[in-house]
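Student: Now for the letters of each chain:
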Amino acid sequence: MGTRTIIPFGPQHPVLPEPIHIDLVVEDEKVVEAVPSIGFIHRGLEKLVEKKDYIEYVYVAERICGICSFIHGQTYCQGIEEIMKIEIPTRAKYLRTIWGELSRIHSHLLWAGLMADAFGFESLFMHTWRVREQVLDLIEATTGGRVIFGSCKVGGARRDIPPEQMAWLLKELEVIEKEMRLIVDIFMNDNSVKHRLCGVGVISREDAILLGAVGPTLRGSGVADDMRLLKYAAFGELDFEPISKTDGDSYSRCAVRCSELFQSVDLIRQAAAKMPAGEIAVKVTGNPDGEFFSRVEQPRGEVVYYIKGNGTKNLTRFRARTPTFANVPPLVKMLAGCELADVPVLVLTIDPCISCTER
Amino acid sequence: MAFFQMKKMILAWTFRKPITTKYPFEPRKICPGSRGRLDIKISDCIFCTLCAKRCPTQALDVDRENKKWHIDRLRCISCGYCVEVCPKKCLNLTGDHGIPTVTKDMETF
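Chains as they are written, first to last, in the working numbering: chain A, 1 to 359; chain B, 360 to 468.
I should point out that these hints are in silico values taken from the structure, not numbers from a laboratory. Incorrect hints may have been included.
[Stated by the list, open to error] Result set (DMTMM-like, lysine to aspartate or glutamate): computed pairs, CA atoms no more than 25 Å apart in a straight line:
| no. | chain 1 | residue 1 | chain 2 | residue 2 |
| --- | --- | --- | --- | --- |
| 1 | A | 194 | A | 117 |
| 2 | A | 85 | B | 443 |
| 3 | B | 388 | A | 164 |
| 4 | A | 52 | B | 443 |
| 5 | B | 463 | A | 160 |
| 6 | A | 308 | A | 50 |
| 7 | B | 448 | A | 117 |
Quick caveat: nothing in here was measured; it's all calculated off a predicted structure.
Turn these sequences into a full structure, and let the hints guide you.
Tutor: Structure follows, in structure tokens:
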């Protein structure tokens, strides 16, 4: 047994685009303990509700995270609509579903690219992001923004997807799906990828539940739990089963995300086929009075918004529990006992979004 | 177990043109409907100040007396809320993202 050394990992680290700091207690090349510390980019968004009114705050909520921006906005709007008892048009629900799933595809592709980069497979990283770029083009054409969609508002959607554009979108999705199949085949079957992922960072079903894991981290451990089962937006009318894998290692978490790519494509096709014609937004009058917990499935897992209003245009309390925050305890558990070289892969395996976490 | 699963993709892309463009020498393809730079048709504007009131970043300033419309380009987030509320529909978001600025001046129309 060697002497214990503490190696600081982050907040500036080549593998991480965002600042998270972990103190790794190592013995020789083995990590025995990991102590995370967050809070480097706290922005005080929960205080900002006192300055921005509840309609303006949609723009702030969208900017909590650059990757799941649309779903943040959607979660916030759903909470406000629920408090104000607004029934949004069915077409708006379908539009939100389609944009939410497009954002899931681009988020998972982004993660896959970063993962490939983390285990040193640079060409795979470039090709994954090439495909992601095509998804971003679809998003830009339908919403007007590549990263910040800005198409969700309290009371419905801000933009419509006309039928001819929808036909074009579905045609483009077919091309993207073909490209994704090639990339997923590499992630799932290549020997060098498997060598880095199989059996690394195992987290059992019991531990995942006990530590409060969410999203693909939870589903990778065999728990088929997905907030889309709550039937928000149009998910109640679409046919889907949550994907789960039972191994609980990095490979099964990767497999869950890869399968979700195709699930999302399928959901977009279903939504496009079932989408009714009609209005996309209703007029909103009055101010929110009451409180609500809004829960939505983001690409990274379940996000919870607590919104409380007192009948004025400013909310009194706002709180966001983001998926990465819930996935930090499972990450600490995974890191204890791993090899030092596996740390970047393990940190990425929960798909960390630190801007989300620190709000 | 498959070794070097990526060979097919790499071989195919060896003989293709790069997907990246030579920006800024080659102009960026503008996507129709993209939310870019805010533009105003000042002849139609009635200076109602609705856009300035609703702007979430306070980037707009409307001078009713002197009939001037000011915008702080560095504050504008191109969200399109002003375009939505404009009663005369004289505001619109162009697809291009404008030229870089070096000063923090307000642009006046």
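Student: For each hint, tell me whether it holds in the structure or not.
Tutor: Hint by hint, here is what the structure shows:
Between residue 194 (chain A) and residue 117 (chain A) the CA atoms are separated by roughly 14 Å; this keeps the pair inside 25 Å, and the hint holds. At roughly 24 Å between alpha-carbon atoms, residue 85 (chain A) and residue 443 (chain B) fall within 25 Å of each other, so this suggested pair holds. Between residue 388 (chain B) and residue 164 (chain A) the alpha-carbon distance is near 21 Å, which keeps this suggested pair within the 25 Å criterion. The suggested pairing of residue 52 (chain A) with residue 443 (chain B) holds, with an alpha-carbon distance near 19 Å, which does not exceed 25 Å.
A distance of roughly 35 Å separates the Cα atoms of residue 463 (chain B) and residue 160 (chain A); the hinted pair therefore is violated under the 25 Å criterion. Restraint check for residue 308 (chain A) and residue 50 (chain A): the C-alpha separation of about 12 Å stays at or below 25 Å, so the hint holds. With a CA separation close to 47 Å, the supplied pair residue 448 (chain B) and residue 117 (chain A) exceeds the 25 Å bound.
Against the hints set out earlier in the document, violations occur for numbers 5, 7.
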